[in-house]
Each structure stands twice: as C-alpha cells, then as structure tokens.
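K.L.:
In case it helps, the numbering used here puts the sequence shown at residues 11 to 121.
Check each hint, because a few of them may be wrong.
Below, in silico cross-link-like pairs of lysine to aspartate or glutamate (DMTMM-like), each with a Cα-Cα straight-line distance of 25 Å or less [said to hold, decoys possible]:
1) LYS16 with GLU52
2) LYS116 with ASP41
3) LYS81 with ASP41
4) LYS83 with GLU52
5) LYS116 with ASP86
6) LYS16 with ASP41
7) LYS83 with GLU95
8) LYS109 with GLU95
9) LYS16 with ASP113
10) LYS109 with ASP86
11) LYS116 with GLU52
12) LYS81 with GLU95
13) LYS118 with GLU95
14) LYS12 with ASP86
15) LYS116 with ASP77
16) LYS83 with ASP113
17) LYS81 with ASP113
18) LYS83 with ASP41
19) LYS81 with GLU52
20) LYS109 with GLU52
The calculated label-pair distances, taken between Cβ atoms and stated as ranges, are [unchecked claim]:
21) ALA19 with VAL47: 48 to 58 Å
22) ASN90 with ASN119: 15 to 25 Å
23) ALA19 with ASN90: 20 to 30 Å
If you are wondering where the hints come from, they were derived from the structure by calculation, not from laboratory data.
For glycine and all other residues, C-beta sits at the position ideal for the given N, C-alpha and C.
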Amino acid sequence: MKHLSKVVAVVLFGLVLAGCTGTSMKTQHYDSTQYTVLGHSEASATGLLLFGCIPIQQNSRFVRAQDAAIKAKGGDAMINTQVQENWFWAWVLTGYTTKISGDVIKLKNVQ
C-alpha cells in the first residue's frame, strides 16, 4: 500500500509540473527588405484556471492569439507586436484573455 501511494504521489506531481509548461510566442527581427506589410491585425485567446490550479488552454493562449492574428491577414509573421492581458474571476475559475496586435507581414523568401 505504501508503494502505491508513492506512485500516485509521483504521478500527481508529474501532472502538476506538466500543467505548468507552455508554448513560447515566437517573434523575430526582420530587415525591411525581407517582407511586405499586409496590414494591422489583432486577435485574442482566453485560458482558464479552474479552482486556482487546473489550467485549461491557459498556457497556449499567447500563441493561439498570435496565430489567429497572422492567419486573419494571410501572412507569415507579425512585427510591432503588442500584448494586452485582461482577467476575470468567477466562483471556481479565473479567466485570462490575451490580445495580440501588430502588423502582419508576408516574407519574400519563406524560410
């Protein structure tokens, strides 16, 4: 029984650590000769934190918002990026909304 409780504790600890990882938002610096500006775009994505510790689409919201803003203009990347965050609270969860805005570009030589 002691062995089983240790295994369960290790598994739970591993799940908690896995929930604390996220995808980083990729931004690069481009020379103005490398791209054409398609226009300004913005998008937002929301993630939730259930009971203050269970993330639901929480860690990927920056990337999801950036990808949606780029896709809305049909571009390859984003420059002059700005990030805004708002949050809201409900009884059992906290929500975080990330809004990404900037200029969408089309690369001349897609890498």
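K.L.:
Taking the hints in turn, state whether each one holds.
P.N.:
Okay, the hints, checked on the actual structure:
{"no.": "1", "hint": "LYS16 with GLU52", "in the structure": "47 Å, violated"}
{"no.": "2", "hint": "LYS116 with ASP41", "in the structure": "12 Å, holds"}
{"no.": "3", "hint": "LYS81 with ASP41", "in the structure": "21 Å, holds"}
{"no.": "4", "hint": "LYS83 with GLU52", "in the structure": "10 Å, holds"}
{"no.": "5", "hint": "LYS116 with ASP86", "in the structure": "5 Å, holds"}
{"no.": "6", "hint": "LYS16 with ASP41", "in the structure": "54 Å, violated"}
{"no.": "7", "hint": "LYS83 with GLU95", "in the structure": "22 Å, holds"}
{"no.": "8", "hint": "LYS109 with GLU95", "in the structure": "6 Å, holds"}
{"no.": "9", "hint": "LYS16 with ASP113", "in the structure": "51 Å, violated"}
{"no.": "10", "hint": "LYS109 with ASP86", "in the structure": "18 Å, holds"}
{"no.": "11", "hint": "LYS116 with GLU52", "in the structure": "16 Å, holds"}
{"no.": "12", "hint": "LYS81 with GLU95", "in the structure": "21 Å, holds"}
{"no.": "13", "hint": "LYS118 with GLU95", "in the structure": "32 Å, violated"}
{"no.": "14", "hint": "LYS12 with ASP86", "in the structure": "54 Å, violated"}
{"no.": "15", "hint": "LYS116 with ASP77", "in the structure": "14 Å, holds"}
{"no.": "16", "hint": "LYS83 with ASP113", "in the structure": "9 Å, holds"}
{"no.": "17", "hint": "LYS81 with ASP113", "in the structure": "12 Å, holds"}
{"no.": "18", "hint": "LYS83 with ASP41", "in the structure": "20 Å, holds"}
{"no.": "19", "hint": "LYS81 with GLU52", "in the structure": "10 Å, holds"}
{"no.": "20", "hint": "LYS109 with GLU52", "in the structure": "7 Å, holds"}
{"no.": "21", "hint": "ALA19 with VAL47: 48 to 58 Å", "in the structure": "53 Å, holds"}
{"no.": "22", "hint": "ASN90 with ASN119: 15 to 25 Å", "in the structure": "21 Å, holds"}
{"no.": "23", "hint": "ALA19 with ASN90: 20 to 30 Å", "in the structure": "47 Å, violated"}
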